[in-house]
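Chemist: Each chain is listed here by its residues.
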Amino acid sequence: MNQVEKIFCPVCQVSFVVGEEKEAGKRIICPVCGAVLVLEKDNTAWIAKRPMDLTPEEEIRMRIENFARLRGYRFNELKEPLVQGLLKKYERYGDFYCPCKIDNIPENVCPCLETRQGSVERNGRCHCGLFWK
Amino acid sequence: MKEVMLYTLSTCPFCKMAKEYFENHHIPYRFVDVDLLEPEEREKTVAKVQEISGRRAFPVIVIGNQVIVGYDEVGIGEALQE
Ligand code: SF4
Ligand SMILES: [Zn+2]
Numbered sequence: 255m256n257q258v259e260k261i262f263c264p265v266c267q268v269s270f271v272v273g274e275e276k277e278a279g280k281r282i283i284c285p286v287c288g289a290v291l292v293l294e295k296d297n298t299a300w301i302a303k304r305p306m307d308l309t310p311e312e313e314i315r316m317r318i319e320n321f322a323r324l325r326g327y328r329f330n331e332l333k334e335p336l337v338q339g340l341l342k343k344y345e346r347y348g349d350f351y352c353p354c355k356i357d358n359i360p361e362n363v364c365p366c367l368e369t370r371q372g373s374v375e376r377n378g379r380c381h382c383g384l385f386w387k
Numbered sequence: 047m048k049e050v051m052l053y054t055l056s057t058c059p060f061c062k063m064a065k066e067y068f069e070n071h072h073i074p075y076r077f078v079d080v081d082l083l084e085p086e087e088r089e090k091t092v093a094k095v096q097e098i099s100g101r102r103a104f105p106v107i108v109i110g111n112q113v114i115v116g117y118d119e120v121g122i123g124e125a126l127q128e
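Residue numbers (the working numbering), protein chains in the order written: chain A, 255 to 387; chain B, 47 to 128.
Calculated directly from the structure, the hints in this document are not laboratory data.
Wrong hints could be hidden among the right ones.
Said to hold, decoys possible - Part of the chain B face toward chain A, derived, beta carbon under 10 Å:
id: 1; residue: M63
id: 2; residue: R101
id: 3; residue: F104
Said to hold, decoys possible - Subject to a maximum C-alpha distance of 20 Å in a straight line, what follows is the list of computed EDC-like cross-link-like pairs (lysine to aspartate or glutamate):
id: 4; chain 1: A; residue 1: K333; chain 2: B; residue 2: D118
id: 5; chain 1: A; residue 1: K333; chain 2: A; residue 2: E375
id: 6; chain 1: A; residue 1: K342; chain 2: B; residue 2: D79
id: 7; chain 1: B; residue 1: K65; chain 2: A; residue 2: E331
id: 8; chain 1: A; residue 1: K333; chain 2: B; residue 2: E124
id: 9; chain 1: A; residue 1: K260; chain 2: A; residue 2: E311
id: 10; chain 1: A; residue 1: K333; chain 2: A; residue 2: E319
id: 11; chain 1: A; residue 1: K387; chain 2: B; residue 2: E128
id: 12; chain 1: A; residue 1: K303; chain 2: A; residue 2: E368
id: 13; chain 1: B; residue 1: K90; chain 2: A; residue 2: E334
id: 14; chain 1: A; residue 1: K333; chain 2: A; residue 2: E345
id: 15; chain 1: A; residue 1: K333; chain 2: A; residue 2: E368
id: 16; chain 1: A; residue 1: K303; chain 2: A; residue 2: D349
id: 17; chain 1: A; residue 1: K342; chain 2: B; residue 2: E84
id: 18; chain 1: B; residue 1: K90; chain 2: B; residue 2: E69
id: 19; chain 1: A; residue 1: K295; chain 2: A; residue 2: E259
id: 20; chain 1: B; residue 1: K48; chain 2: B; residue 2: E128
id: 21; chain 1: B; residue 1: K62; chain 2: A; residue 2: E334
id: 22; chain 1: A; residue 1: K387; chain 2: A; residue 2: E319
id: 23; chain 1: B; residue 1: K65; chain 2: A; residue 2: D296
id: 24; chain 1: B; residue 1: K62; chain 2: A; residue 2: E331
id: 25; chain 1: B; residue 1: K94; chain 2: A; residue 2: D357
id: 26; chain 1: A; residue 1: K280; chain 2: A; residue 2: E313
Bear in mind that the values here come from a model prediction, so they are computed numbers and not experimental data.
No residue lacks a Cβ here, since even glycine has one placed at the ideal position from N, Cα and C.
Taking the hints into account, I'd like the entire structure generated from these sequences.
Modeler: Spelled out as structure tokens, the structure:
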């Protein structure tokens with residue numbers, strides 16, 4: 255059925271089910287990483303892309319707010335310096351790679367894999383101190 | 047006085063806080079912003095960081111022969127005391 259067709263998140267590279275009605279151009283949120291995505295129809299399949307009408311700063315701010323809300327995490331005074339660090343990474347390396355890790359690879363795109371896999375639950379915060387339990 | 051060496055990234059707030067800790071306590075330290083090194087030197091330094099900390103994440107703080115992974119004020123204090 256159309257309803258259970260999964261959509262691939264280009265940010266966290268996980269496929270998820272969209273419960274709501276699908277419409278071209280509609281903004282949705284990846285339930286795994288909080289990324290803001292836009293639905294598009296590619297021939298017969300639905301795909302999700304990163305929005306082109308957001309500035310990098312708007313995109314990463316919305317993503318981390320969504321992720322924190324989805325997981326029940328909070329921020330503190332490290333948030334602003336970390337947003338700046340993420341923007342610097344974007345400027346230098348083309349994506350929002352973790353400001354505290356050397357490798358600019360997909361698994362380190364914020365929120366990074368270790369955080370998506372529960373490091374905040376284990377340690378009380380993510381490695382950089384952006385998300386806190 | 048124990049030798050203090052900080053391995054840091056220029057984009058990482060805890061790295062900055064680690065530098066400030068030693069500044070504020072007037073403890074001499076050396077540091078290297080690993081992301082700003084030239085590629086060859088960077089790879090060598092990252093390999094070293096990985097060897098001593100088991101990770102490729104920052105900061106890594108070396109005090110004498112102790113290695114502190116991440117910014118941990120209690121750990122820093124204890125390593126300086128010993
Ligand atoms: S450690 Fe925190 S700030 Fe760094 S990428 Fe992971 S979630 Fe983002
Ligand atoms: Zn995602």
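Chemist: A separate judgement is required for each hint: does it hold in the structure or not?
Modeler: Going through the hints against the structure:
1. The beta carbon of M63(B) comes within 9 Å of a beta carbon in chain A, closer than 10 Å, and the hint placing it at the interface holds.
2. Evaluation of the R101(B) hint against chain A yields a held restraint, the C-beta minimum of about 8 Å falling below 10 Å.
3. The interface hint given for F104(B) holds, since its Cβ lies 5 Å from the closest Cβ of chain A, which is under the 10 Å cut-off.
4. Only pairs whose Cα atoms come within 20 Å are accepted, and K333(A) paired with D118(B) is accepted, the gap being roughly 18 Å.
5. Straight-line distance between C-alpha atoms of K333(A) and E375(A) comes to about 18 Å, which keeps the hinted pair within the 20 Å bound.
6. Proximity of K342(A) to D79(B) is assessed by CA-CA distance (about 14 Å); at most 20 Å being required, the pair is judged to hold.
7. The straight-line distance between the Cα atoms of K65(B) and E331(A) is roughly 18 Å, inside the 20 Å bound, and the hint therefore holds.
8. Distance restraint check for K333(A) and E124(B): the Cα-Cα separation of roughly 28 Å exceeds the 20 Å cut-off, and the hinted pair is therefore not satisfied.
9. Distance restraint check for K260(A) and E311(A): the Cα-Cα separation of roughly 28 Å exceeds the 20 Å cut-off, and the hinted pair is therefore not satisfied.
10. Restraint check: the Cα-Cα separation between K333(A) and E319(A) comes to about 11 Å, which is no more than 20 Å; the hinted pair holds.
11. With a C-alpha separation of about 32 Å, the suggested pair K387(A) and E128(B) falls outside the 20 Å cut-off, and the hint is violated.
12. A C-alpha spacing of about 23 Å is found between K303(A) and E368(A), which places the hinted pair above 20 Å, so the restraint is violated.
13. Of the pairs offered as hints, the one joining K90(B) and E334(A) is violated, with about 31 Å between alpha carbons and a cut-off of 20 Å exceeded.
14. For a cut-off of 20 Å, the pair hint linking K333(A) to E345(A) stands: about 18 Å separates their Cα positions.
15. For the hint linking K333(A) to E368(A), the alpha-carbon distance of about 18 Å falls within 20 Å, and the restraint holds.
16. With a C-alpha separation of about 14 Å, the suggested pairing of K303(A) with D349(A) holds against the 20 Å cut-off.
17. At roughly 18 Å between alpha-carbon atoms, K342(A) and E84(B) fall within 20 Å of each other, so this suggested pair holds.
18. Distance check on the hinted pair: K90(B) and E69(B) sit about 27 Å apart at the alpha-carbon level, beyond 20 Å; violated.
19. Straight-line distance between C-alpha atoms of K295(A) and E259(A) comes to about 13 Å, which keeps the hinted pair within the 20 Å bound.
20. Distance restraint check for K48(B) and E128(B): the Cα-Cα separation of roughly 10 Å lies within the 20 Å cut-off, and the hinted pair is therefore satisfied.
21. Pair hint K62(B) plus E334(A) holds up; C-alpha atoms about 14 Å apart against a cutoff of 20 Å.
22. Between the alpha carbons of K387(A) and E319(A) the distance comes to roughly 14 Å, so the proposed pair stays at or under 20 Å and holds.
23. The straight-line distance between the Cα atoms of K65(B) and D296(A) is roughly 50 Å, outside the 20 Å bound, and the hint therefore fails.
24. Distance restraint check for K62(B) and E331(A): the Cα-Cα separation of roughly 14 Å lies within the 20 Å cut-off, and the hinted pair is therefore satisfied.
25. Between K94(B) and D357(A) the alpha-carbon distance is near 15 Å, which keeps this suggested pair within the 20 Å criterion.
26. The hinted pair formed by K280(A) and E313(A) meets the criterion: a straight-line CA distance of about 16 Å does not exceed 20 Å.
Comparing the model with each earlier hint shows violations of hints 8, 9, 11, 12, 13, 18, 23; every other hint is respected.
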